[in-house]
Structures are given as C-alpha cells and as structure tokens.
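Engineer: As a plain string of letters, each chain reads:
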Amino acid sequence: MPARQTDDFGHQDRCAIVGIGSTEFSRNSERSVLTLATEASAAALADAGLSPKDVDGIVRCDHDHVTHNDLVCSLGIANLTYQGQVGPGGVGPCAMVGQAVAAILSGQATTVLLYRSLNGRSEVRFGSGTASARDAAVTVGGQGTYDEFFLPFGLMTAGQTFSIMAQRHMIEYGTTCEQLGSIAIACREQANANPAAQMHSKPLDMQTYLASRMISTPLRLYDYCLETDGACAVVVTSTDRASDTRKSPVLIRAVAQGCPPDMRGGMMFPIVMRDSITDLPAYSVASTLYARAGLGPDEIDVAQLYDCFSISILLQLEAYGFCEKGEGGPFAESGAIHRGGALPINTGGGHLSEGYIHGMNHVVEGVRQMRGDSSGQVPHAETCLVTGGPLPTGSAVILRKS
Amino acid sequence: MNFDRILPIMNDRDTAGFFEACKNKTLVYRACQSCNATLNPPRAHCGNCGSWDTAWREASGRGRLYSWTTVCHQVHPAYGVPYTVVIVELEDAPEVRLVGQLNGSPDLCAGMEMQVWFETLEDGTVLPQWEPVEKIQQGKES
Ligand SMILES: [Zn+2]
Numbered sequence: 001m002p003a004r005q006t007d008d009f010g011h012q013d014r015c016a017i018v019g020i021g022s023t024e025f026s027r028n029s030e031r032s033v034l035t036l037a038t039e040a041s042a043a044a045l046a047d048a049g050l051s052p053k054d055v056d057g058i059v060r061c062d063h064d065h066v067t068h069n070d071l072v073c074s075l076g077i078a079n080l081t082y083q084g085q086v087g088p089g090g091v092g093p094c095a096m097v098g099q100a101v102a103a104i105l106s107g108q109a110t111t112v113l114l115y116r117s118l119n120g121r122s123e124v125r126f127g128s129g130t131a132s133a134r135d136a137a138v139t140v141g142g143q144g145t146y147d148e149f150f151l152p153f154g155l156m157t158a159g160q161t162f163s164i165m166a167q168r169h170m171i172e173y174g175t176t177c178e179q180l181g182s183i184a185i186a187c188r189e190q191a192n193a194n195p196a197a198q199m200h201s202k203p204l205d206m207q208t209y210l211a212s213r214m215i216s217t218p219l220r221l222y223d224y225c226l227e228t229d230g231a232c233a234v235v236v237t238s239t240d241r242a243s244d245t246r247k248s249p250v251l252i253r254a255v256a257q258g259c260p261p262d263m264r265g266g267m268m269f270p271i272v273m274r275d276s277i278t279d280l281p282a283y284s285v286a287s288t289l290y291a292r293a294g295l296g297p298d299e300i301d302v303a304q305l306y307d308c309f310s311i312s313i314l315l316q317l318e319a320y321g322f323c324e325k326g327e328g329g330p331f332a333e334s335g336a337i338h339r340g341g342a343l344p345i346n347t348g349g350g351h352l353s354e355g356y357i358h359g360m361n362h363v364v365e366g367v368r369q370m371r372g373d374s375s376g377q378v379p380h381a382e383t384c385l386v387t388g389g390p391l392p393t394g395s396a397v398i399l400r401k402s
Numbered sequence: 001m002n003f004d005r006i007l008p009i010m011n012d013r014d015t016a017g018f019f020e021a022c023k024n025k026t027l028v029y030r031a032c033q034s035c036n037a038t039l040n041p042p043r044a045h046c047g048n049c050g051s052w053d054t055a056w057r058e059a060s061g062r063g064r065l066y067s068w069t070t071v072c073h074q075v076h077p078a079y080g081v082p083y084t085v086v087i088v089e090l091e092d093a094p095e096v097r098l099v100g101q102l103n104g105s106p107d108l109c110a111g112m113e114m115q116v117w118f119e120t121l122e123d124g125t126v127l128p129q130w131e132p133v134e135k136i137q138q139g140k141e142s
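Chains as they are written, first to last, in this note's numbering: chain S, 1 to 402; chain G, 1 to 142.
Honestly, I wouldn't trust all of these hints.
Unchecked claim - These stretches of chain S come out as covered by chain G in the derived footprint (C-beta under 8 Å, 3 or more residues): (1) 146-155; (2) 162-172; (3) 203-217; (4) 255-266.
To be verified - SDA-like cross-link-like pairs, simulated, lysine to any residue; straight-line CA separation at most 25 Å: (5) G:Lys135 <-> S:Ile171; (6) S:Lys325 <-> G:Leu65; (7) G:Lys23 <-> G:Gly47.
What the hints assert, rightly or not - With the C-beta cut set under 7 Å, the calculated list includes, among others, these residues of chain G facing chain S: (8) Asp4; (9) Pro8; (10) Asp12; (11) Leu27; (12) Leu65; (13) Ser67; (14) Thr69; (15) Thr70; (16) Leu108; (17) Ala110.
Keep in mind the hints are simulated off the structure, nothing from the lab.
Bear in mind the structure is a predicted one, so any value in this text is a computation, not a measurement.
Don't be surprised by glycine CBs; every beta carbon is placed ideally from N, CA and C.
Could you put together the complete structure from these sequences and hints?
Structural biologist: Here it is in structure tokens:
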C-alpha cells in the first residue's frame, strides 16, 4: 500500500511516551485492580521522572473496573483537567494514546496517564463467556446488544467467534493449523527471552502445539491468549516538554482509529454477520494510520500486534499490508515474524505468551523497543507499529525512536 | 442436574418480530422497503438510504453454510460439548446470516445447503435452527 504524505491534523512526532510501568503478570495478584493500576501508574510516572502532581489528564478503557475517580484518589492527583474514556475493550489502548495526543495538542492537558488494570484470571475471566452467559441468565439480548441472536445458539465467547473467522479463512485461502501454530510459537519464543512473561520458562514446539487440546475448532489451547492478573500504564506528554524527562522520549508518529465498512451493531458476535469476516476494520485503520504517518508497511521495523488469538495476528498481517490478503498463513510460516525475521512481532511475547493486559502491554513493549531495551530487541529498529483489538472497530499507533 | 437453556428476549422493540414469527414457524429478516437493503441484525432505520420504511420479509428457510466452529471446551452448564455453531447465509438474501446449533461435530463443508427447522423449548420459546439438507456420508461419525 503506497503511503500518502499527509498528516491531516499536524500531530506527527509532536507527542511522546515518556514513562512506562507494569506490575508483575500472574494468575492471582492477591490485590485489587485499583492497587494494580496504582502500582503500574506510579511506576510509569517514576520512569518518566514525574510525580502524580504533574498529571493533569487521564484516559481510561471502558472495560476497566478502575474509574478516573478511584485512580485520582489512590495516586493523589491534585489537578485533573482532562478525563477521557475509549473502547470498546481491547481497541482501547491504542485509541487511548490517540485521545491523549488529542488532549495535549488541543491544550486540554499537558501530561496524560493511560492505564489498564485487570484481574483477568482470579476475578473476571473473559474466557468463560459474556456476563449474561456466565450468570446463566434466563433471558438475554435487547437494547442493541443483539445477544439474543447468538447466546441461545451456543455462541458465547470471543474465542468461538474468532474460531468461526479462522475456519472461514481456511475455507477461502487454505490456511492451515500449522500456520496458526507458527504464530503461537513466534510469540512463545519471545516470551522465553522475557523474564517478566508468564510463559518465560515454557518452550513450545509444533508437536506440542498440535497435540494441545482443541477449545473450539480450529483453535487449540495455544491459539488462545493467556488470562492474566496485572496492570500496565504509560505517560504521554508533548515532545517539547519531554526534553527534560528521565529517559529519551519515544515519539508518537501517528495515531488512528477505524470502523468496518459494514458495521453490524452490538459488541462482538454480530461480526459473524459482516459481508466478509476475514476483513478486519484494521484495513481502514491502516489506510488512515500510514497516511497520517507518511510511512508505509515497508518502513515498519517491528510490530506489536494485538493477539487475543493466533488468528488475530494472521488477519492483521494482511490488513496492515505486510502481505497480501490470504497470504497471512504462508507469511507467518516463512519465519518473517519470528525472532531475527524481517518483521519480528510481539517481542515481549504478546497476549499469547507474555500476559493479557488487554492491549496495554503491547504499547509498553513498543516503547521498550524504541528505547532499545526490549528482551527481544530488534537491532536498529526505528519504527514500531502497535495495534489495538481487531474487533469490533480498530485502532493503532506508530511509535518512533527519537 | 438440569440447567436452563439461554433464551432470547421476546420484547425488544427492534428484534421481537423475528422471534414472534418463529412461533408461527416462519423465518423472517428485516429489509428496507425503499432501497431493498437488508437490515441484519434487525433495526428500524435504513442506514443505506435513510428511510424509516422498513419491514419484515419472509425467507424461504433455505440457506448455505458460511462458516462454523465445533465447541469442545464447555463454558455453560446447559450447553454440553461437543456441539457445533453454524453460520448460515439465506438463499433469499445471502448477505443475511443467522446462527444455528448442531449436536456433536458433524462433517460439514462450506457452501453446503442448509434447511431451517424450528425448535420449541419448554417455555414455548421457538428458535430457528439449521441442519444440512444432505448429510455428508463419509468421514468421522457425528
Ligand atoms: Zn433503504
């Protein structure tokens, strides 16, 4: 895809990420999501050489249980002039970076804190289905959820939905289980080098992948992301202000959000009614993002692709222009996305193997890459694509070394 | 122990007509009377042409299989595994897709002809379900 040289609101490189923070990633944090969010935020501020008193903006994810109010109170933020919220769900983090940029460039805030905190294993497990399915509610749907067309028929999790997408991709393009497996293994190899990853000490080979239990055909255990307790936070400020922070700022080259051409309402399940379920909203995100960045896929050195499932990565490799539509499987299998490949992905291990912080650990890892201190450091990397959840809408950012 | 199946809401203002029709063993989909755009999932306004003149249309009850997944990991007590979720596009309007549930893990192939049938639950709720017109003979047992 040829990149157009346009930056329609003059934001290229004008804001930067100056601090990152994470808790440990575990199966049971033994503390509240507010405590986790506070720890990650305090770590991000310390990393930036800032204090809570410097924060005047917060953007949160609509799925987070920690509110602006909770975090202001817990951290001791004294002068908040901007409160934003973005979603849905995993689309949040990259869109949150976009909203932070908007708040800063419009003068509504100078220093914006973004966070995502969840006890995704010990408290609220996404894999056990939507809230209505979990609670065994007698009646579901209504109010624009459209759940009544899906849950009564046994379609009740994100994994099942992505399985239907993977099956369709196999039908249309002959994609194979081994190709999905190569994606899971690429992420696992990165995690094996990352001491903070939940799967750090657990290698994965193709034989083990293929022998793992089927969850919903054609996706197996290792095609599914982890369930994690933990939090991540980042601090965004203007590049001008960033000159006096502790570490070298990572520039936000461009931000974008996008919708599919035929939005079908609801949250997740109605996507199976879209004209093509192998076409992600990421196609429109990519078009806007590359145009705003003045960069194309050939100029991306490393990518952190949102990976709720292995198939999510495969579809995004196509949507973000790293290969042709339908070629995601062979591209993944070629080794390009592995350590040492032409486009290493998810260099901390991603959701499949580092931890599931709903897209925010991808932003943190993107910053590590651009600072040059990732456990999966790509030599001479100067640009990093970070993407948000691929459904129901999409979001992404391009980070750049300063 | 018996667990209750998940039931569709029957009084949502945009979608109740679909499930009401099922009680009469009729399959319907929403469409725009002005521009003929289909509106699935159902809604009152046509985003294609801006018309409010939208209505339910009767479907033949035939369709083709678009995709599917066999669920092997159980997440709900009333939905024992394995079962297979099928996504079917209507013969009358292929851009309209509906979901159905088959027992077990039957052999399926994309594009195979599907026929609707109506499953009546204990409380009187009727769900439109889909099954292959011709079962695939070879391959694994379902
Ligand atoms: Zn119309």
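Engineer: All hints, please: hold or fail.
Structural biologist: Hint check:
no.	hint	in the structure
1	146-155	holds (count 9)
2	162-172	holds (count 6)
3	203-217	holds (count 5)
4	255-266	holds (count 3)
5	G:Lys135 <-> S:Ile171	19 Å, holds
6	S:Lys325 <-> G:Leu65	22 Å, holds
7	G:Lys23 <-> G:Gly47	29 Å, violated
8	Asp4	6 Å, holds
9	Pro8	3 Å, holds
10	Asp12	4 Å, holds
11	Leu27	13 Å, violated
12	Leu65	10 Å, violated
13	Ser67	4 Å, holds
14	Thr69	4 Å, holds
15	Thr70	4 Å, holds
16	Leu108	9 Å, violated
17	Ala110	4 Å, holds
Going through the hint list in order, the structure does not satisfy hints 7, 11, 12, 16.
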